[in-house]
Amino acid sequence: MSLLVLTLIFPLAGAIALSLFPRMPDNTARTIGAGSVGLAALVTAIVMVFWGANGGYPYIQTLWQWIAVGDFDINFSLYLDGLSITMMGVITGVGFLIHFFAAWYMVHDLEGDPGMARFFAYMNLFIVAMLLLVLGDNLLLLYLGWEGVGLCSYLLIGYYYKTPANAWAAYKAFVVTRIGDVFLAIGLFLLYTVFGTLNIQTLLHEAPQVWNQGGVMVNVAAVLLLLGACGKSAQLPLQTWLADAMAGPTPVSALIHAATMVTAGVYLIARTHGIFELAPAIQELVGVVGGLTLLIAGLAATAQTDIKRVIAYSTMSQIGYMFLALGVGAWQAAIFHLMIHAFFKSLLFLTAGSVIIACHHEQNIFKMGGLRKTLPLDYWLMVIGGAALAALPLVTAGFYSKDAILWEAVANGHGVLWLFGLVGAFITSIYTFRMIFIVFHGEQKIHAEAGRGIPHHLPLIVLGVLSTFIGALIGQPLDGVLPSGAVEDYPWIEIIFEVISSVVVLVGLGVAAALFLGKRQLITQATEGGPGRKTWLFFNSALGFDWLYDKGFVQPFLWVARGHRHDWIEAIVNVVPGLASIGNSGLSAVQDGRVRWYAMVMFAGTAVLLAVLMFG
Amino acid sequence: METTFFIAGIVALAATLRTITCAHSVHALLYLIVSLLAVAVDFYALGAPFAATLEVVVYAGAVMVLFVFVVMMLNLNQETVARERHWLRPKLWIGPGVFAAILLAAMIWAMTIGGAIGVIEGERLSAHAVGATLFGPYVLVTELAAFLLLAALVVAAHIGRDEGNEARRKAEHGDRATTTAGER
Amino acid sequence: MTGLPIQYGMGLAALLFIAGLTGLVVRRNALFVLMCLEIMLNSTGLAFIVAGARWQAPDGQSMFILIIALAAAEAAIGLGLLLQLYKRFRTIDIDAASEMHG
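Residue numbers (the working numbering), protein chains in the order written: chain A, 1 to 616; chain B, 617 to 800; chain C, 801 to 902.
These are calculated hints, taken from the structure and not from any lab test.
Be aware that one or more of the hints could be misleading.
In silico DSBU-like links for lysine-lysine, alpha-carbon gap of 35 Å or less [to be verified]:
hint, chain 1, residue 1, chain 2, residue 2
1, A, LYS519, A, LYS534
2, A, LYS367, A, LYS534
3, A, LYS367, A, LYS445
4, B, LYS707, C, LYS887
5, B, LYS786, C, LYS887
6, A, LYS445, A, LYS162
No experiment lies behind these values; they were computed from the predicted model shown.
The shape of chain A in the complex, shown without the other chains (with noise of 0.2 Å):
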């Protein structure tokens, strides 16, 4: 079981040896960027296998020491337990798939220009900070991989940096999540500061030792980490980056703003569940957020014309069903839901890209049509993918996470939250079988190719098997890390509710037949013009988050820096510089070069000195 460090070495080799040689053949580059993912995964597959036959205890592996200060000692250490092990399967699992699509796609979407080895360099180095991440035993090792997962998602949203809007998204995403960042910091601190460790086992066992339920401290420090987790999962306040980074390649998207860094946040809050639970007020909280941002995202979705777009807003409304989870405290359920959504988005993301390859790089679901008959593999694929996103009743693995979501929300008694989970879920398969029916239905408007190949269909294929009610038989090790919160007691209530989850999928579906399948008339007139136009912007700017912030923030902070631009602080100090001077013009002046003005001072200068010697 040594061996868990090497799912790390094989990708940060591939990352190093991709970085040192940036000009090798395409070839090489691709296959040393999906060959060091694989090693990866398969090495993880090992390690399940070793541990599970273990008997499933935590296993700690230590590198070495990191800091060791005074008594701030931390250490290189990789933990190895339940939650780690599943968070590891997705990441390198889904994550070998997504990076032997890559390998297909990349060739399509680079046509020849250089920068396949810069690609898969940064996506090995993503792999390796986000294993980081999860393996961390202690906060600052978390931190570290959390900051390098945002590092390596700026590198790759601004991949095409040599368009300007480009490097905007980039620059968007990572401020916004800065700014969560910097919240998770303090957080960071304020834990230090009262436990003087920031080991998480440790942290977890002296919580509810040191501090009371719902002391001003612990609230603190969980709203602390809940704003962290907000900023890199995409959710409100912070979630305004999520739709412009879509401006990187399709497979970055896949990994990092579907399956995995976007979960990081769900994983931090996972992680520090004792801390949640000794602040039940924000554990509320993360759950009305996560049920506030599902519902706006969920509207903004139903109005996009970018199909990545749209597949983003799903992506965070999707979240904001698990941070709903682990706002009930349905703490499995959520990393259920974490595990299928990795599956069922991927694989979304992944049929997405390739239709946009097919297209010849066409984005706009208003330009496609009736591609079911050219593109067979895609349109099923996506169909199944999308199927499992709203969540249709018992063939697909979305149904079997969302629903223990939902159940678990309303058994503990959280009534409203579960009524946003139920109209984001009418809503998801509104927006869901929208862009399908707009992309594969129809006429088709557009000349569109297959994409062809093993790399191409490999990955999807089994991403699509995993979407359906197999993918939900894969069972998690959770029990001894994360509390269960299922409620078992009510059998045949839990039937009825799921009954009512599930007509409300089919309604949505039938409602999105209604008005997108066919010439689309009425949607076409209702959003013309007046009310209807006015709505259709107001869901299209994601409820105009991105005109609220400039308002309430760019502008303001802009205006501050324009008015700094006279340095105001110069200018004070400058006073003394001022006076010293104004005294050297003055005493300057005194020395005017005639002979007879100097004996006039000393002339002066001896008649004062005698006169205050005689007379003082």
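Model the placement of chains B and C on the given structure of chain A, informed by the hints.
This is chains B and C only, laid out in the frame that chain A set:
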């Protein structure tokens, strides 16, 4: 003795005042010579005949004559006098006059506050006594004064030389050994 | 009165000195500046003679001899400088040589 002293003193003072207010250089110099002579009489009245002699011979006789030579070299004429008058407008005297008055008041007051500290009897101090002092206890200072005069001689010769004339003289006499441009 | 109180002698010297000093400050003609310097040196000599006469010591006259030597040296060099001033600035206005201003 006192009468002589006072009369000579008044003459000296008047002559000095006329010197500093005169516009014409040569006139001012003559007034200065009169002042120096009056001061020499004062020395004699105080019983310092050797000093009086020196004053007349060296100061009035050599230094002032030097001044007269320089005045001759500078070619004074009527417009110079006019310019001097312009530079001597009354309002230019106010500032210095005020400070002069203050300084004078201070000095006079300093001299008179202690009451009379001495009376001059007027006994003659012969040249013999002065010479004995100079070459007795003060011989080193005397030698230094000689150095000073030597240095002044060198400096005056250097500062006062005429570079234009020197260059012309060199060019005329030249180094006959080298050929000039005209002969080639 | 059996003798001259020393204040009168010193007072005369002071008056002469002040007159010379005023003249020095007021006059712009360099020649007059040098003349006023002579006046001041002379008055200092007078002061020494008066002191020497009061104490009946030849030291006063010795000092006066040294003062004369100094005055002669200074006059010679000063007149040399005056000639150079005239040569360079074509004027004997002492305010013309004010390049060390500022």
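Now for the hints, and whether the structure bears them out:
no., hint, result
1, A:LYS519 <-> A:LYS534, "22 Å, holds"
2, A:LYS367 <-> A:LYS534, "22 Å, holds"
3, A:LYS367 <-> A:LYS445, "6 Å, holds"
4, B:LYS707 <-> C:LYS887, "31 Å, holds"
5, B:LYS786 <-> C:LYS887, "20 Å, holds"
6, A:LYS445 <-> A:LYS162, "30 Å, holds"
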